[in-house]
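Visitor: full-length UniProt numbering puts the first residue of the sequence shown at 1, with every later residue one more than the last.
In short, the hints are calculated from the structure, not lab data. Any given hint could turn out to be false.
Once the Cα atoms are required to be at most 30 Å apart in a straight line, the calculated DSS-like pairs of lysine-lysine come out as [said to hold, decoys possible]: (1) Lys104 - Lys275; (2) Lys160 - Lys188; (3) Lys106 - Lys151; (4) Lys97 - Lys151.
For each label pair, taking beta carbons as the anchor points, the in silico distance ranges come out as [stated by the list, open to error]: (5) Glu164 - Phe134: 29 to 39 Å; (6) Pro98 - Glu268: 13 to 23 Å; (7) Val267 - His145: 39 to 49 Å; (8) Asp133 - Gly190: 39 to 49 Å; (9) Pro137 - Gly278: 42 to 52 Å.
Here the structure is a predicted model, which means the values were calculated and not measured. Idealized CB from N, CA, C, for every residue including glycine.
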Amino acid sequence: MDIASSIITQVMRDEEDNYSLRDEDQPQFIGHGLYKVSKAFHRCPCPCRFLEEAPQSWHFESLFCCLCHKETEQIPVNNNAPLLVEENGTISKVPAKPLLPQIKSKDSGKICVVIDLDETLVHSSFKPVNNADFIIPVEIDGTVHQVYVLKRPNVDEYLKRMGELFECVLFTASLSKYADPVSDLLDKWGAFRHRLFRESCVFHQGNYVKDLSRLGRDLNKVIIVDNSPASYIFHPDNAVPVTSWFEDMADTELLDLIPFFERLSQVEDVYDILKQQGIAS
1 MDIASSIITQ
11 VMRDEEDNYS
21 LRDEDQPQFI
31 GHGLYKVSKA
41 FHRCPCPCRF
51 LEEAPQSWHF
61 ESLFCCLCHK
71 ETEQIPVNNN
81 APLLVEENGT
91 ISKVPAKPLL
101 PQIKSKDSGK
111 ICVVIDLDET
121 LVHSSFKPVN
131 NADFIIPVEI
141 DGTVHQVYVL
151 KRPNVDEYLK
161 RMGELFECVL
171 FTASLSKYAD
181 PVSDLLDKWG
191 AFRHRLFRES
201 CVFHQGNYVK
211 DLSRLGRDLN
221 KVIIVDNSPA
231 SYIFHPDNAV
241 PVTSWFEDMA
251 DTELLDLIPF
261 FERLSQVEDV
271 YDILKQQGIA
281 S
(Lines of atoms letter the chains of each structure in order from A; the text may use other names.)
(Lines give C-alpha, C1' and ligand atoms only; values in the text may rest on other atoms or scores of the structure.)
Protein backbone atom coordinates (compact mmCIF):
# COMPACT_ATOMS: atom_id res chain seq x y z
CA MET A 1 0.00 0.00 0.00
CA ASP A 2 1.50 3.37 -0.92
CA ILE A 3 1.70 6.22 1.57
CA ALA A 4 -0.66 8.58 -0.23
CA SER A 5 -3.51 6.13 -0.56
CA SER A 6 -3.37 5.20 3.12
CA ILE A 7 -3.99 8.82 4.13
CA ILE A 8 -5.86 10.59 1.32
CA THR A 9 -8.92 9.25 -0.49
CA GLN A 10 -9.08 10.81 -3.94
CA VAL A 11 -10.08 9.99 -7.48
CA MET A 12 -7.07 9.70 -9.77
CA ARG A 13 -6.79 11.89 -12.84
CA ASP A 14 -5.94 9.21 -15.41
CA GLU A 15 -8.48 6.75 -14.11
CA GLU A 16 -11.25 9.34 -14.13
CA ASP A 17 -10.58 9.90 -17.83
CA ASN A 18 -11.11 6.16 -18.40
CA TYR A 19 -14.44 6.04 -16.54
CA SER A 20 -16.92 4.63 -19.02
CA LEU A 21 -20.66 3.98 -19.10
CA ARG A 22 -23.06 2.96 -21.82
CA ASP A 23 -24.15 5.93 -23.92
CA GLU A 24 -27.58 6.10 -22.30
CA ASP A 25 -25.97 6.14 -18.85
CA GLN A 26 -23.38 8.83 -19.50
CA PRO A 27 -23.46 11.65 -16.94
CA GLN A 28 -25.93 14.26 -18.18
CA PHE A 29 -24.87 17.91 -17.98
CA ILE A 30 -27.45 19.87 -15.98
CA GLY A 31 -25.88 23.33 -15.80
CA HIS A 32 -23.58 25.20 -13.42
CA GLY A 33 -21.21 22.24 -13.59
CA LEU A 34 -23.90 19.80 -12.40
CA TYR A 35 -24.24 16.29 -13.78
CA LYS A 36 -26.82 13.59 -13.29
CA VAL A 37 -25.21 10.16 -13.00
CA SER A 38 -26.76 6.70 -13.17
CA LYS A 39 -27.55 5.25 -9.75
CA ALA A 40 -26.41 1.71 -10.63
CA PHE A 41 -22.85 1.07 -9.51
CA HIS A 42 -20.78 -1.86 -8.37
CA ARG A 43 -17.36 -2.20 -6.86
CA CYS A 44 -14.68 -1.95 -9.48
CA PRO A 45 -11.75 -4.35 -8.89
CA CYS A 46 -8.53 -2.38 -8.82
CA PRO A 47 -5.05 -2.48 -7.27
CA CYS A 48 -6.85 -2.39 -3.90
CA ARG A 49 -6.19 -5.65 -2.06
CA PHE A 50 -9.87 -6.00 -1.14
CA LEU A 51 -10.79 -6.83 -4.73
CA GLU A 52 -9.65 -9.26 -7.40
CA GLU A 53 -10.09 -8.66 -11.15
CA ALA A 54 -8.81 -5.48 -12.82
CA PRO A 55 -10.83 -4.22 -15.83
CA GLN A 56 -9.67 -0.99 -17.41
CA SER A 57 -12.32 1.39 -16.08
CA TRP A 58 -12.43 3.95 -13.30
CA HIS A 59 -9.89 2.94 -10.66
CA PHE A 60 -8.70 4.44 -7.43
CA GLU A 61 -5.35 3.65 -5.88
CA SER A 62 -5.03 1.04 -3.16
CA LEU A 63 -7.65 1.65 -0.46
CA PHE A 64 -9.34 4.33 -2.59
CA CYS A 65 -13.08 4.24 -3.31
CA CYS A 66 -13.91 2.34 -6.50
CA LEU A 67 -16.95 2.22 -8.72
CA CYS A 68 -18.10 1.52 -12.21
CA HIS A 69 -21.43 0.77 -13.84
CA LYS A 70 -23.08 -2.62 -13.72
CA GLU A 71 -26.67 -3.37 -14.71
CA THR A 72 -27.18 -6.42 -12.53
CA GLU A 73 -26.25 -5.03 -9.12
CA GLN A 74 -28.39 -2.18 -7.88
CA ILE A 75 -27.38 -0.25 -4.78
CA PRO A 76 -30.35 0.00 -2.40
CA VAL A 77 -31.55 3.53 -1.78
CA ASN A 78 -33.56 4.45 1.29
CA ASN A 79 -34.17 8.13 1.87
CA ASN A 80 -36.15 7.69 5.05
CA ALA A 81 -34.38 5.19 7.31
CA PRO A 82 -30.90 3.97 8.27
CA LEU A 83 -29.56 1.54 5.69
CA LEU A 84 -28.63 -2.06 6.26
CA VAL A 85 -24.87 -2.46 5.96
CA GLU A 86 -22.97 -5.60 5.09
CA GLU A 87 -20.40 -6.57 7.70
CA ASN A 88 -18.35 -9.74 7.15
CA GLY A 89 -21.09 -11.23 5.01
CA THR A 90 -23.88 -10.50 7.46
CA ILE A 91 -26.51 -7.79 7.57
CA SER A 92 -26.68 -5.48 10.55
CA LYS A 93 -28.36 -2.19 11.28
CA VAL A 94 -26.40 1.04 11.35
CA PRO A 95 -25.82 2.24 14.94
CA ALA A 96 -28.56 4.59 16.07
CA LYS A 97 -26.23 7.24 17.51
CA PRO A 98 -26.07 10.14 15.00
CA LEU A 99 -22.75 11.39 13.67
CA LEU A 100 -23.64 15.02 14.36
CA PRO A 101 -24.66 16.67 17.62
CA GLN A 102 -27.94 18.50 17.96
CA ILE A 103 -28.17 21.45 15.58
CA LYS A 104 -27.13 24.80 17.07
CA SER A 105 -29.72 27.53 17.51
CA LYS A 106 -28.01 29.79 14.96
CA ASP A 107 -28.44 27.08 12.32
CA SER A 108 -31.99 26.12 13.26
CA GLY A 109 -34.10 25.66 10.14
CA LYS A 110 -31.09 25.71 7.81
CA ILE A 111 -30.30 23.00 5.31
CA CYS A 112 -27.33 20.81 6.21
CA VAL A 113 -24.78 20.75 3.38
CA VAL A 114 -22.18 17.98 3.48
CA ILE A 115 -19.08 19.02 1.53
CA ASP A 116 -16.27 16.77 0.33
CA LEU A 117 -12.61 17.84 0.49
CA ASP A 118 -10.29 16.17 -2.05
CA GLU A 119 -10.86 17.03 -5.72
CA THR A 120 -13.94 19.02 -4.64
CA LEU A 121 -12.27 21.88 -2.72
CA VAL A 122 -8.56 21.03 -2.99
CA HIS A 123 -6.10 18.71 -4.70
CA SER A 124 -3.25 17.25 -2.67
CA SER A 125 -0.06 15.44 -3.57
CA PHE A 126 3.01 14.01 -1.86
CA LYS A 127 5.06 15.25 -4.82
CA PRO A 128 6.50 18.78 -4.39
CA VAL A 129 4.42 21.52 -6.02
CA ASN A 130 5.94 24.97 -6.53
CA ASN A 131 2.68 26.89 -6.19
CA ALA A 132 1.20 24.93 -3.27
CA ASP A 133 -1.20 26.95 -1.12
CA PHE A 134 -0.45 24.82 1.93
CA ILE A 135 2.23 22.33 2.91
CA ILE A 136 0.97 19.93 5.56
CA PRO A 137 3.36 17.73 7.58
CA VAL A 138 1.88 14.28 8.16
CA GLU A 139 3.53 11.66 10.37
CA ILE A 140 3.35 8.10 9.05
CA ASP A 141 5.06 5.26 10.90
CA GLY A 142 7.43 7.62 12.64
CA THR A 143 8.40 9.54 9.49
CA VAL A 144 7.09 13.02 8.67
CA HIS A 145 5.98 13.49 5.06
CA GLN A 146 5.02 16.76 3.38
CA VAL A 147 1.64 16.99 1.64
CA TYR A 148 1.34 19.76 -0.97
CA VAL A 149 -2.16 21.21 -1.23
CA LEU A 150 -3.64 23.31 -4.05
CA LYS A 151 -6.88 25.23 -3.47
CA ARG A 152 -9.57 25.06 -6.13
CA PRO A 153 -10.20 28.49 -7.69
CA ASN A 154 -12.86 30.54 -5.88
CA VAL A 155 -12.96 28.15 -2.93
CA ASP A 156 -12.64 31.08 -0.51
CA GLU A 157 -15.70 32.87 -1.87
CA TYR A 158 -17.59 29.59 -2.04
CA LEU A 159 -16.94 28.54 1.57
CA LYS A 160 -17.64 32.01 2.93
CA ARG A 161 -21.04 32.15 1.24
CA MET A 162 -21.92 28.55 2.06
CA GLY A 163 -21.17 29.18 5.73
CA GLU A 164 -23.59 32.11 5.69
CA LEU A 165 -26.40 30.11 4.10
CA PHE A 166 -26.18 26.61 5.55
CA GLU A 167 -25.11 24.32 8.35
CA CYS A 168 -21.97 23.11 6.57
CA VAL A 169 -20.28 19.82 7.42
CA LEU A 170 -16.93 18.69 6.05
CA PHE A 171 -17.17 14.96 5.30
CA THR A 172 -14.11 13.30 3.81
CA ALA A 173 -12.99 9.70 3.42
CA SER A 174 -9.43 10.83 4.08
CA LEU A 175 -7.81 10.51 7.50
CA SER A 176 -8.11 13.30 10.06
CA LYS A 177 -4.32 13.58 10.49
CA TYR A 178 -4.26 15.06 6.98
CA ALA A 179 -7.75 16.53 6.51
CA ASP A 180 -8.00 18.33 9.87
CA PRO A 181 -4.96 20.61 9.36
CA VAL A 182 -5.99 21.24 5.75
CA SER A 183 -9.42 22.34 6.97
CA ASP A 184 -7.86 24.57 9.64
CA LEU A 185 -6.03 26.50 6.90
CA LEU A 186 -8.76 26.34 4.27
CA ASP A 187 -11.79 27.38 6.31
CA LYS A 188 -10.99 30.94 7.40
CA TRP A 189 -14.61 31.77 8.23
CA GLY A 190 -15.61 28.76 10.29
CA ALA A 191 -18.02 27.62 7.60
CA PHE A 192 -17.70 24.01 8.73
CA ARG A 193 -19.72 23.50 11.91
CA HIS A 194 -18.52 19.90 12.09
CA ARG A 195 -15.89 17.67 10.48
CA LEU A 196 -16.28 13.97 9.70
CA PHE A 197 -13.47 11.71 8.50
CA ARG A 198 -12.88 8.19 7.19
CA GLU A 199 -13.97 6.48 10.40
CA SER A 200 -17.44 8.02 9.94
CA CYS A 201 -17.86 6.41 6.51
CA VAL A 202 -19.51 3.06 5.89
CA PHE A 203 -17.21 0.60 4.10
CA HIS A 204 -19.67 -0.94 1.66
CA GLN A 205 -18.68 -3.25 -1.21
CA GLY A 206 -15.22 -1.76 -1.54
CA ASN A 207 -16.27 1.88 -1.18
CA TYR A 208 -16.09 4.44 1.61
CA VAL A 209 -19.68 5.67 1.54
CA LYS A 210 -21.02 8.75 3.31
CA ASP A 211 -24.32 7.52 4.71
CA LEU A 212 -26.42 10.65 5.14
CA SER A 213 -29.03 8.79 7.18
CA ARG A 214 -26.50 8.60 10.03
CA LEU A 215 -26.08 12.37 10.35
CA GLY A 216 -29.06 12.95 12.60
CA ARG A 217 -30.70 15.43 10.22
CA ASP A 218 -33.92 15.20 8.21
CA LEU A 219 -32.91 13.96 4.77
CA ASN A 220 -35.23 16.42 3.02
CA LYS A 221 -32.94 19.12 4.43
CA VAL A 222 -29.59 17.49 3.59
CA ILE A 223 -27.40 18.01 0.52
CA ILE A 224 -24.05 16.40 -0.30
CA VAL A 225 -21.55 18.15 -2.60
CA ASP A 226 -19.01 15.63 -3.86
CA ASN A 227 -17.01 14.76 -6.95
CA SER A 228 -17.26 10.99 -6.39
CA PRO A 229 -20.59 9.20 -7.01
CA ALA A 230 -19.29 6.33 -4.85
CA SER A 231 -19.53 8.63 -1.84
CA TYR A 232 -23.28 9.14 -2.11
CA ILE A 233 -24.56 5.91 -3.68
CA PHE A 234 -26.90 5.42 -0.69
CA HIS A 235 -28.54 8.83 -1.26
CA PRO A 236 -28.04 9.96 -4.88
CA ASP A 237 -31.17 12.12 -4.75
CA ASN A 238 -29.47 14.33 -2.16
CA ALA A 239 -26.37 14.93 -4.25
CA VAL A 240 -25.11 17.98 -6.08
CA PRO A 241 -22.28 16.44 -8.12
CA VAL A 242 -19.22 18.48 -9.02
CA THR A 243 -16.45 17.65 -11.45
CA SER A 244 -13.11 16.49 -10.07
CA TRP A 245 -10.54 19.27 -9.85
CA PHE A 246 -6.78 18.75 -10.10
CA GLU A 247 -4.98 21.90 -11.22
CA ASP A 248 -7.02 23.91 -13.76
CA MET A 249 -6.70 27.46 -12.45
CA ALA A 250 -9.33 28.65 -14.94
CA ASP A 251 -11.98 26.49 -13.25
CA THR A 252 -15.08 28.45 -12.15
CA GLU A 253 -17.37 25.67 -10.98
CA LEU A 254 -17.53 26.65 -7.31
CA LEU A 255 -18.24 30.26 -8.21
CA ASP A 256 -20.89 29.22 -10.74
CA LEU A 257 -22.65 27.13 -8.11
CA ILE A 258 -23.19 29.96 -5.62
CA PRO A 259 -26.42 31.34 -7.22
CA PHE A 260 -27.88 27.83 -7.26
CA PHE A 261 -27.13 27.37 -3.55
CA GLU A 262 -28.57 30.78 -2.74
CA ARG A 263 -31.89 29.62 -4.21
CA LEU A 264 -31.58 26.24 -2.52
CA SER A 265 -31.16 27.86 0.89
CA GLN A 266 -34.72 29.21 0.68
CA VAL A 267 -36.56 25.90 0.21
CA GLU A 268 -38.12 23.65 2.85
CA ASP A 269 -37.51 20.42 0.94
CA VAL A 270 -34.28 19.97 -1.04
CA TYR A 271 -35.82 17.30 -3.25
CA ASP A 272 -38.16 19.86 -4.81
CA ILE A 273 -35.44 22.06 -6.25
CA LEU A 274 -33.13 19.17 -7.11
CA LYS A 275 -35.94 17.59 -9.13
CA GLN A 276 -36.58 20.91 -10.87
CA GLN A 277 -32.90 21.02 -11.82
CA GLY A 278 -33.05 17.42 -13.04
CA ILE A 279 -30.58 16.27 -10.42
CA ALA A 280 -32.86 14.14 -8.24
CA SER A 281 -35.09 11.48 -9.77
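Visitor: For Lys104 and Lys275, compute the direct alpha-carbon distance and say whether it is at most 30 Å.
Guide: holds, 29 Å
Visitor: In this structure, is the beta-carbon distance linking Asp133 and Gly190 contained in 39 to 49 Å?
Guide: 19 Å Cβ-Cβ, so the 39 to 49 Å window is violated.
Visitor: Between Lys106 and Lys151, is the straight-line Cα distance small enough, at 30 Å or below?
Guide: holds, 28 Å
Visitor: Between Lys160 and Lys188, does the CA-CA distance stay at or below 30 Å?
Guide: Roughly 8 Å separates the two Cα atoms, so the pair holds.
Visitor: Given the proposed pairing of Lys97 with Lys151, does the C-alpha separation stay at or below 30 Å?
Guide: Violated: Lys97 and Lys151 sit about 34 Å apart, past 30 Å.
Visitor: Between Pro137 and Gly278, does the beta-carbon spacing fit 42 to 52 Å?
Guide: holds, 44 Å
Visitor: Is the distance from the Cβ of Glu164 to the Cβ of Phe134 consistent with 29 to 39 Å?
Guide: violated, 24 Å
Visitor: With 13 to 23 Å as the target window, see if Pro98 and Glu268 comply at their CB atoms.
Guide: Hint holds: Cβ distance 21 Å, inside 13 to 23 Å.
Visitor: So the hint says 39 to 49 Å: do the beta-carbon atoms of Val267 and His145 match that?
Guide: About 44 Å separates the Cβ atoms of Val267 and His145, which means 39 to 49 Å holds.
Hint compliance for this structure: hints 4, 5 and 8 are broken, all remaining hints hold.
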